[in-house]
Structures are given as structure tokens and as C-alpha cells.
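Chains as they are written, first to last, in the numbering used here: chain A, 1 to 285; chain B, 1 to 285; chain C, 1 to 285; chain D, 1 to 285.
No lab work stands behind these hints: they were computed from the structure.
Just so you know, not all the hints are guaranteed correct.
One copy or two, it doesn't matter: identical chains are merged, so the pair holds either way.
Claimed, not checked - As a list, the in silico SDA-like pairs of lysine to any residue whose alpha-carbon atoms are at most 20 Å apart:
(1) K27 / Y93
(2) K51 / G177
(3) K13 / Q84
(4) K144 / I225
One-letter residues, chain by chain:
There are 4 protein chains.
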Amino acid sequence: MKERNKLSPWKNKLHEIIYEADTPMGKLFDIVLFIIIIFSILLIMLESVKKIDADYHEILFNLEWAVTIFFTVEYIARIVCIKQPKRYIFSFYGIIDFLSTIPLYLSYIFAGSQVLLAVRAFRLLRVFRILKLVQFLGESHHLKSALKASRAKITVFLFAVMIVSVILGTLMYYVEGDEAGFTSIPTSIYWTIVTLTTVGYGDIAPITPQGQFIATLIMLLGYGIIAVPTGIVTSELGKQSNDKSNKKNIGTYVHVNTQACPNCSKEGHRDDASHCYNCGSQLNE
Amino acid sequence: MKERNKLSPWKNKLHEIIYEADTPMGKLFDIVLFIIIIFSILLIMLESVKKIDADYHEILFNLEWAVTIFFTVEYIARIVCIKQPKRYIFSFYGIIDFLSTIPLYLSYIFAGSQVLLAVRAFRLLRVFRILKLVQFLGESHHLKSALKASRAKITVFLFAVMIVSVILGTLMYYVEGDEAGFTSIPTSIYWTIVTLTTVGYGDIAPITPQGQFIATLIMLLGYGIIAVPTGIVTSELGKQSNDKSNKKNIGTYVHVNTQACPNCSKEGHRDDASHCYNCGSQLNE
Amino acid sequence: MKERNKLSPWKNKLHEIIYEADTPMGKLFDIVLFIIIIFSILLIMLESVKKIDADYHEILFNLEWAVTIFFTVEYIARIVCIKQPKRYIFSFYGIIDFLSTIPLYLSYIFAGSQVLLAVRAFRLLRVFRILKLVQFLGESHHLKSALKASRAKITVFLFAVMIVSVILGTLMYYVEGDEAGFTSIPTSIYWTIVTLTTVGYGDIAPITPQGQFIATLIMLLGYGIIAVPTGIVTSELGKQSNDKSNKKNIGTYVHVNTQACPNCSKEGHRDDASHCYNCGSQLNE
Amino acid sequence: MKERNKLSPWKNKLHEIIYEADTPMGKLFDIVLFIIIIFSILLIMLESVKKIDADYHEILFNLEWAVTIFFTVEYIARIVCIKQPKRYIFSFYGIIDFLSTIPLYLSYIFAGSQVLLAVRAFRLLRVFRILKLVQFLGESHHLKSALKASRAKITVFLFAVMIVSVILGTLMYYVEGDEAGFTSIPTSIYWTIVTLTTVGYGDIAPITPQGQFIATLIMLLGYGIIAVPTGIVTSELGKQSNDKSNKKNIGTYVHVNTQACPNCSKEGHRDDASHCYNCGSQLNE
Numbered sequence: 001m002k003e004r005n006k007l008s009p010w011k012n013k014l015h016e017i018i019y020e021a022d023t024p025m026g027k028l029f030d031i032v033l034f035i036i037i038i039f040s041i042l043l044i045m046l047e048s049v050k051k052i053d054a055d056y057h058e059i060l061f062n063l064e065w066a067v068t069i070f071f072t073v074e075y076i077a078r079i080v081c082i083k084q085p086k087r088y089i090f091s092f093y094g095i096i097d098f099l100s101t102i103p104l105y106l107s108y109i110f111a112g113s114q115v116l117l118a119v120r121a122f123r124l125l126r127v128f129r130i131l132k133l134v135q136f137l138g139e140s141h142h143l144k145s146a147l148k149a150s151r152a153k154i155t156v157f158l159f160a161v162m163i164v165s166v167i168l169g170t171l172m173y174y175v176e177g178d179e180a181g182f183t184s185i186p187t188s189i190y191w192t193i194v195t196l197t198t199v200g201y202g203d204i205a206p207i208t209p210q211g212q213f214i215a216t217l218i219m220l221l222g223y224g225i226i227a228v229p230t231g232i233v234t235s236e237l238g239k240q241s242n243d244k245s246n247k248k249n250i251g252t253y254v255h256v257n258t259q260a261c262p263n264c265s266k267e268g269h270r271d272d273a274s275h276c277y278n279c280g281s282q283l284n285e
Numbered sequence: 001m002k003e004r005n006k007l008s009p010w011k012n013k014l015h016e017i018i019y020e021a022d023t024p025m026g027k028l029f030d031i032v033l034f035i036i037i038i039f040s041i042l043l044i045m046l047e048s049v050k051k052i053d054a055d056y057h058e059i060l061f062n063l064e065w066a067v068t069i070f071f072t073v074e075y076i077a078r079i080v081c082i083k084q085p086k087r088y089i090f091s092f093y094g095i096i097d098f099l100s101t102i103p104l105y106l107s108y109i110f111a112g113s114q115v116l117l118a119v120r121a122f123r124l125l126r127v128f129r130i131l132k133l134v135q136f137l138g139e140s141h142h143l144k145s146a147l148k149a150s151r152a153k154i155t156v157f158l159f160a161v162m163i164v165s166v167i168l169g170t171l172m173y174y175v176e177g178d179e180a181g182f183t184s185i186p187t188s189i190y191w192t193i194v195t196l197t198t199v200g201y202g203d204i205a206p207i208t209p210q211g212q213f214i215a216t217l218i219m220l221l222g223y224g225i226i227a228v229p230t231g232i233v234t235s236e237l238g239k240q241s242n243d244k245s246n247k248k249n250i251g252t253y254v255h256v257n258t259q260a261c262p263n264c265s266k267e268g269h270r271d272d273a274s275h276c277y278n279c280g281s282q283l284n285e
Numbered sequence: 001m002k003e004r005n006k007l008s009p010w011k012n013k014l015h016e017i018i019y020e021a022d023t024p025m026g027k028l029f030d031i032v033l034f035i036i037i038i039f040s041i042l043l044i045m046l047e048s049v050k051k052i053d054a055d056y057h058e059i060l061f062n063l064e065w066a067v068t069i070f071f072t073v074e075y076i077a078r079i080v081c082i083k084q085p086k087r088y089i090f091s092f093y094g095i096i097d098f099l100s101t102i103p104l105y106l107s108y109i110f111a112g113s114q115v116l117l118a119v120r121a122f123r124l125l126r127v128f129r130i131l132k133l134v135q136f137l138g139e140s141h142h143l144k145s146a147l148k149a150s151r152a153k154i155t156v157f158l159f160a161v162m163i164v165s166v167i168l169g170t171l172m173y174y175v176e177g178d179e180a181g182f183t184s185i186p187t188s189i190y191w192t193i194v195t196l197t198t199v200g201y202g203d204i205a206p207i208t209p210q211g212q213f214i215a216t217l218i219m220l221l222g223y224g225i226i227a228v229p230t231g232i233v234t235s236e237l238g239k240q241s242n243d244k245s246n247k248k249n250i251g252t253y254v255h256v257n258t259q260a261c262p263n264c265s266k267e268g269h270r271d272d273a274s275h276c277y278n279c280g281s282q283l284n285e
Numbered sequence: 001m002k003e004r005n006k007l008s009p010w011k012n013k014l015h016e017i018i019y020e021a022d023t024p025m026g027k028l029f030d031i032v033l034f035i036i037i038i039f040s041i042l043l044i045m046l047e048s049v050k051k052i053d054a055d056y057h058e059i060l061f062n063l064e065w066a067v068t069i070f071f072t073v074e075y076i077a078r079i080v081c082i083k084q085p086k087r088y089i090f091s092f093y094g095i096i097d098f099l100s101t102i103p104l105y106l107s108y109i110f111a112g113s114q115v116l117l118a119v120r121a122f123r124l125l126r127v128f129r130i131l132k133l134v135q136f137l138g139e140s141h142h143l144k145s146a147l148k149a150s151r152a153k154i155t156v157f158l159f160a161v162m163i164v165s166v167i168l169g170t171l172m173y174y175v176e177g178d179e180a181g182f183t184s185i186p187t188s189i190y191w192t193i194v195t196l197t198t199v200g201y202g203d204i205a206p207i208t209p210q211g212q213f214i215a216t217l218i219m220l221l222g223y224g225i226i227a228v229p230t231g232i233v234t235s236e237l238g239k240q241s242n243d244k245s246n247k248k249n250i251g252t253y254v255h256v257n258t259q260a261c262p263n264c265s266k267e268g269h270r271d272d273a274s275h276c277y278n279c280g281s282q283l284n285e
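Next comes chain A alone, as it looks inside the complex (with noise of 0.2 Å):
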């Protein structure tokens, strides 16, 4: 089994630097990485400036396609370092990967499709393997199981706040006219949601004395369900804490790295681990 299980040495030194941040070069890799990540971000950014991208339009092309080809070396080198590849390709981090590379060359076949780089904005949440991994990661895992137990809740809220934008939304189009901005039921809804969020752009405001009166009515129910998520995700959070400080007399933490299954690709291995504790194949030391 170990057999079938062992990559050539150069891959296994090769998937050591690109999957994990526990070696020094492994460390300055994900630091160059997130330093060209910002950078193809930036570059982007700069595009969209019309003045910057009239004077510079040559330079900043050819910097794009020099990201685009090192995303694309490392999308494949990461595709070749990996037994089983799969895995990878259909990951969260792996479809991003990907989709952060293909803009450049799918430009030649449809237009527009530069609206997939706003997905490069993704590959900035691999900041988090080079700082503090563990805790941060254990943090967001804090906050995501705090999120997942209110759900329910939540979906309710959001219900009701779409039902209720619906019927004053409607409501609005025919109390107030064309001449304050509302001009469609969908636009009459799109400022109920304006201003029930306390958002309020004023691009669309309401001029009738009804129309006011509604609109007072909107942002006070708005100020006040405000309290509604915030008191459910607090509630969920004490509630966690309490859990997690009753915890702590039972279960025991041990420290777990950031190295990564050649295999499987499961991360955070106990630091004394030879084996994943997902797949059982055997881990680099």
C-alpha cells in the first residue's frame, strides 16, 4: 500500500512547498503567492481607471499576462504534485484557482468574460494559512457555527423582510408617482429595501405626505428588526461560549500544523502524525 502511495521525490518536495506552509520554503512560497495574488488584484484595479489605463495600457496588459501564466504554471504544478488530483480540481480553492486563470485566455473567445476576475478576490483567503492558520481558522469556525445554528431563524427573518418589502414596495408605487423616482413595483421595492436596510441613498425619496408617512413607518420598522439578526447571532454566540468554556474540562486541544495529505489534501494533522487521519496513506515527514 505504501508502494502505490509514495509520489516520485521531486513531486513529494514539490507538493511539500506548494501545499504547506510548515517548511521554509513552503512558507516563502505562499508569501510570494499572496504578494502576486494582491498584486494581480491591484493590477485589475488599474485597468478600470480610464486615465492609468490609456497612458499605461502596453505595460499593464503584458503584466497580466505574466500573472496569467505563473497562475497557470502553479495550477498545473499543484495538478501534478497530487495523487489524486481530483480532489483538488473540484475543491473550493481548486475552482478558484482555475477560474482565476482562464479570464485572459477566454477574452479571445467571448467578450466580457472579464468579469471572472472578480474571482481572484477569492485567493485572498489563502492569507489565512500564512498567518496564524490555526487560530484564525478556529475563529471563522467560531463564527460559522454561530451562523449555522441561527439558520433557521435567519431564513425566517429574511423571509419576512422580503414579504414585507414586497407588500410596502407595491404599496409605494401606488401611493406615491413617476415624479418621486418610482417609477416600476421593482424599483418601488428596491427603495423599500433601501431604506428598511437604513441605507437610504435618496436617489429615490418619497414627496407626498403619505408617501412620507409610509416611508417614516419603513425606516422605523427597519431600525428596529436590525435587533432581530443581531440579537440571534449574539444569543448564539453566548450560548457557544458557554458550550466551548464547559468544554474545556472534557475534550483536550493538541496542536495541529498546517501540512497537507499528498493523497487526500486534508489539512491540519496532529504535529507527531505519520499517517493522514483521513485516508491512512502515509504523510512527508
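We have chain A; now place chains B, C and D onto it with these hints.
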């Protein structure tokens, strides 16, 4: 007694399909109904967009008639297949269903009866029947009882906000002039609530230094007192979840289904119930 | 001592009607007064709407006189039927009542004294007498003591917000120019508070990239620190409700009524009280 | 050792006046200083108002010089009467004091050094010395440690907000065009944060239906995730107040005063202390 409570078999069948969601046919009916409700709301929205209405007026008008006829038939069926139609007609859902049906008929008599179309959005509440009804209603009940418990506090709070708005609105009317948009005291009060709830459209905004100073105080006040409803709901939800965890040791929970009593329309019967817990009449199997 | 404290019978009767709300006559008086207060506020609002004032100036002016005369008579009656008029005159309600009465008289002497009319809205606080007074005041007391307990924290917080606003406002004045609306440092500080409290009128908005960047930081700061007053009030309310549930085992509650001492005007006597708990003088039956 | 630590008597006297607030002279000095700081900030504000500056430029300029000279003398005095001047110069307050003093001198060398004047507002923090210092700092310490404890959670949260803003901002840039104000990706990201934090200036607002739909989602997201920092801070404050009430049984509290060590400037000595708890040198009586 059983004889009196029995409906003819086809009415029984109809009742099961329309009022319940546990049989395949009942579930299908609810899903079809839900799609038609959403479709009818989209129809109203599309009609309100001038450009679409100009191009497809005929089609939209005919579809609106089709929906209205479907709702009419459904409404009559609901009345027919229940033993005590009054209970349904004067229930919350009964009134909503009625108001969702008549606007098109009324439009031949009164102009402007289309405002009633907004009521249709309430029918969306039926979605909770299709989804895991009991769990979600349980959650919404949780929220509802938290809001109920803090009713007195919220009334005091809203009353205080109202008085503060009247006072500060009147003050701003005298401090700022017509130039800044403060054309009357009601408008000034409207502006005060727009500011206090941190919506801030900007259609009216103070321009004198004194007005801006008072506006600053109103904003800080609004920014601060948002803490009050949030605090109330949060501490209420916290209390409730404590109560719930205590209760778990005392009572037990049984699974209830969406079956409705053919006599009194009460829902939430135990799976093994043969008689209505409310009126005692026999349930359909 | 009893002799000294006794008022003539008709004054006693008047005191019962005006100051208390437990007898039918007292309740009626309070309700009539409340309606007239609301009416007087609506009057001020209508006068401020140019179109209405132009058409009905004479009527509104006469009605305003009628209200003023009613308030004057009520104010004099309140002074006459109490043994220690000073206590009433310099109490919170006494000052409000006085300021609600004089603007019309003053308008013959000073122009602009109408600003005082805004004070009338405070009279609305009397509504709590008509509603189930004690319960609501209990709730508002609950809120008040939570706010009192977090007074020091809130002061620190407001002071920090003030300093941050001054610093960032001054900074924005130098970064943005007159073009964007940042015409002076006070205006800049006003804008900073508009942004920090998430009101966001948009009458002034940054246009340079640097200004927009700083604005972004201010918004995130404001979005984040709203958590602070909310957290303070919530944890305070949570603590209080714990205290209350503990207290329930120790003390007992008795029902108090709206009767007011004819000598010192203290309210909240026990139903079976015959002497004022504050000054010891005999209460009306 | 005592010999080395002793300052000449007049320096001792000066130290007591400038650095401490328990003697009448020390208190007076702090109050005078606070008034001058507020005055100097008002001066900067008035100078920025064009109309006032045009009329009173000479007077304002002279007063600015007077304030600058006072601050210079105070700064030198603070350095002279302390044994380890470096400790003061490189402390937070030392740097603030320095930056509050030099702008006027620098204005002869560099243009635009007036931006530094904004730093003066930090000097307002000295107000806590004049008020009941210890209690208030205790409260702010309470807040500070709650914020510190939730630092990791807040970092994750801010990072998530940043990534979401970049992605949605880029998306909106491609969906909306120049017409609606989305002229470049950085501007789009700015708009996204304006919307997400519910500020909503309205200087940029979506006009296409798709753009308004995405905007609606951003608003609901922003309206919902404001619950996260609030929940974090609230549950942290709740935990802390539990800790505090537990701690009360264990430790004891002593009263500390505003006296500062003449050697190392540490504050918060016990009333009965004769030597600094930090460096051991003798305190002034």
C-alpha cells in the same frame, strides 16, 4: 356524532389535497399553488414596468385573468370542502385569499382597486407549509414570543422616539428655513426620523451651522439608541433560550404533521392522532 | 397637623380630578387633556404648512387661542388646588406646562418665541398616566437604570467618538477641497459624524481617491463601533434581568395607583394607603 | 540612591503642578491647559471658515502664535522637570504634545504642514485626568480588554468584509456602467463599502435592474452582518462582567491617585505610597 362530522368522500379527498401537505397529491398542490402565487406577483411587477406593459399589455392582461380565475376556483373549493366555512372565511388566510382574488373584478367597478394586489404577497407565507413547516414555525414562534415579552419596553421606546422626533423636528423647522428643504413641521419631523434611524436620504439636509449642530446631536442620539431595541431583543432571546434548555428536562416533544381538521381546520396533530385535539371530530386517515 | 394639611372641599375635588386618574372624572379629564394636547400639536403642524396656513389662517389662529386659554386655565387650576404650589411650578411637568402656555402671549412681545411651541410635545408624556401607568413606568425605569449603570462607559465612548470626529474631520478638510463640499473644518466634522453614524446624506461626499479611502475607513469604524453602545446596553439589560429574577424570591410587590399627594404631589401610593409615604400628610380617599 | 533621584526643589514643585492633579495648583494647571487645548482647536476651526478668516485673519494668526508659544513653554517645562526626559518624549503623550506644537514653526519651511494640527485633538484625552480619572480609565480599560479579547474574531470579520467588497465591487463595475457613477473598480469598491456599512451617500447609485438587484443583496448582507461585530463585543462584555463579579470575591481594590513618579512617570500609585511601585524611586509627598 361521527355521522354529522363526516363529509362526502370527494369532499374529503379535496380537503386532503388542498389543506394538507403530507400526501403526495397534497404536496404537489401546495407546490403548484406556490409557483402560481409567485407567478401572479411577478405579473403585477411586470405590468408596472411601463415599457413591458406597452409591448405585452394583451398577454399580461390575459394571464392576470387566468390567475384570477384559478384563485377564484381555489377559494370556492376551500369553502366547499370544509364543514365550517366561516372559520376559514374569517381566518387570517381566508381574508388574504379573498383579497388576492377580487381586485380584478373590482377594477370594473372602482378605479384604483389595484392597490389590493399588494396583499397577494401575504400568500407567500404558505411557503412554510411546503418547507419543513413545524420546525420553521417553531423558530418564528420563538422570535414572536421574544418580541411579545418585550412589547411594553418597545412601546415605551417607540413613544419616546416619537416625542423626541416631534420636538426636534419642530425645532429644526424654526432653525433651518425653506431653503434647506424644511418647508413645514411635518416635513421636518419626517427628516428627523430619516436622520434618527440613520437612513439619511439627503433630499433634505441642514445648511446652517446651528442646524448642522442639532443634526449632529440627532445622529449621535439615533446611533446610540439603536442599542436599546437591540439590547431588549437580545436579552429576551437569551432568556428564552435558557428557558428552553430548562424545559427540555421536563416535557417531551412529539412530531406533528400538516394534517388539518376537516371540521375546525386546526393544524398540528400528532402523527398517531385519530381525533382532533381541538374539537374532537374524526380526522381523515 | 391634619387641619393645616386640609384643603377646602372644592379644591380637594379639583385636585382629585386634575392630578389623579383613578376616579371616572379624573380619568375623563386626563383623556380630554391628552386629546387637546395632541390637537394643539396638530395645530402647530398645520400652521407650518404654507398652503393650509394661507387658506385657513383665521381659523387656525382662533383655535390656537382657544387651546392657549384652556392651557392657561388648567395651569392656574393646578396651582390653586395644591397646597405647596412651588413644588409643582418647579417640577419637570410644571415647567413644561408653563412653557406650553406662554408662547402665544410672548408673541406680542418677542418675535420668534414660537420655537417654544416645540416644548408642547413633552406634554405627551402624560399618556403614561392614562395607559397602565405603573407597568409602563416600571419598564421605562428598567431601561433608565440600565442606561444609568452604563453612563460612565457611554461617556467614555461619546468622548472617544468626538475626538475621532475632530481628528478625521480636520484631516478630510485638508485632503478634500471646497469642490467636494468640505468648505471648512466644522463642516468636515459634521460630515465625519454623518458618515460615522452611517446616516450618509450625500450632500457632501469625497471625490478624490485619497478622500474616498479615508471615508472607507471612517465607515468601517462607524460600522464596527456601533457594536460598543449596543454591547454595553445589552449586557447591562441582561444583568438587570438576572437581578430582577433573583429579587423576586426576596421582596414582594404591591399594587400602587395614580393618586397624588395633595401636599407634595408624590405618586405611586399603595391602594390601602391613608397617608403619603413621603411627607406623611393625609391622602384623599 | 536617593541623592541621584532627587530633583532640585523648584523642579519638584514644577513636576507636581504639571504632571499631577491632586494638589490645588496641579488641578488648576490641568483645567487651564484643557481650556487652552479646546481654545486652540476652536482657533483651527475658525481659521478654516473662509468668511471668518477673511475678516479676522490678523487676530486669529496672533492667537495661534500665542497658543503655540504656550505649548512650546509647556513642552520644555515637561522635559526639564523630569529625571528621565526620554521616557516622556517617546511616550504617546510626549509625541502628541510635540506634534501639537511644531506645525506653526514648520509652516515657514514646508507648506501643508497644517495637516498636523489635527493631532491637537488627541490632547483632549487629558480630560480624563481632570474628571474622576481612575474610574473612567477603569471603564475604558473594560472596553479595551473586551475589544482585545475579540481581536482575532474582528480581524477575520474585517478580512471577510474586505474580500466581499472587492468581489462585489468588481462585479458591480462590470454590471453597471460609467453612467451610474461606477467609473472604475476602486470607485466601485468604495460604493460597495458605502452600501455594506448602510451609509448610502447616493452620489453613486445603481440604475440598471441587475445592478439594483445586486445592490439589494449587498444591503441585506450589510444589514445582517452588522450583527457579527455587535454579537462579538456583546458576548465579550457579558463574559467580562461575569469575570468581574467573580473576581470581587477574591481580590481587593485600593484607591489610587493621579500622582506621577518624578523618575519614570508611571501613574496610579496608592494614596499611602512613598516609593514608585515601578522603579522604586521616592515619590513627592
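These are the hints, each one checked on the structure:
1. K27 / Y93: within (18 Å within a copy, 39 Å between copies)
2. K51 / G177: Close across copies (16 Å), not inside one copy (40 Å); limit 20 Å.
3. K13 / Q84: within (17 Å within a copy, 55 Å between copies)
4. K144 / I225: Close across copies (12 Å), not inside one copy (22 Å); limit 20 Å.
Violated hints are absent here; each numbered hint is respected by the structure.
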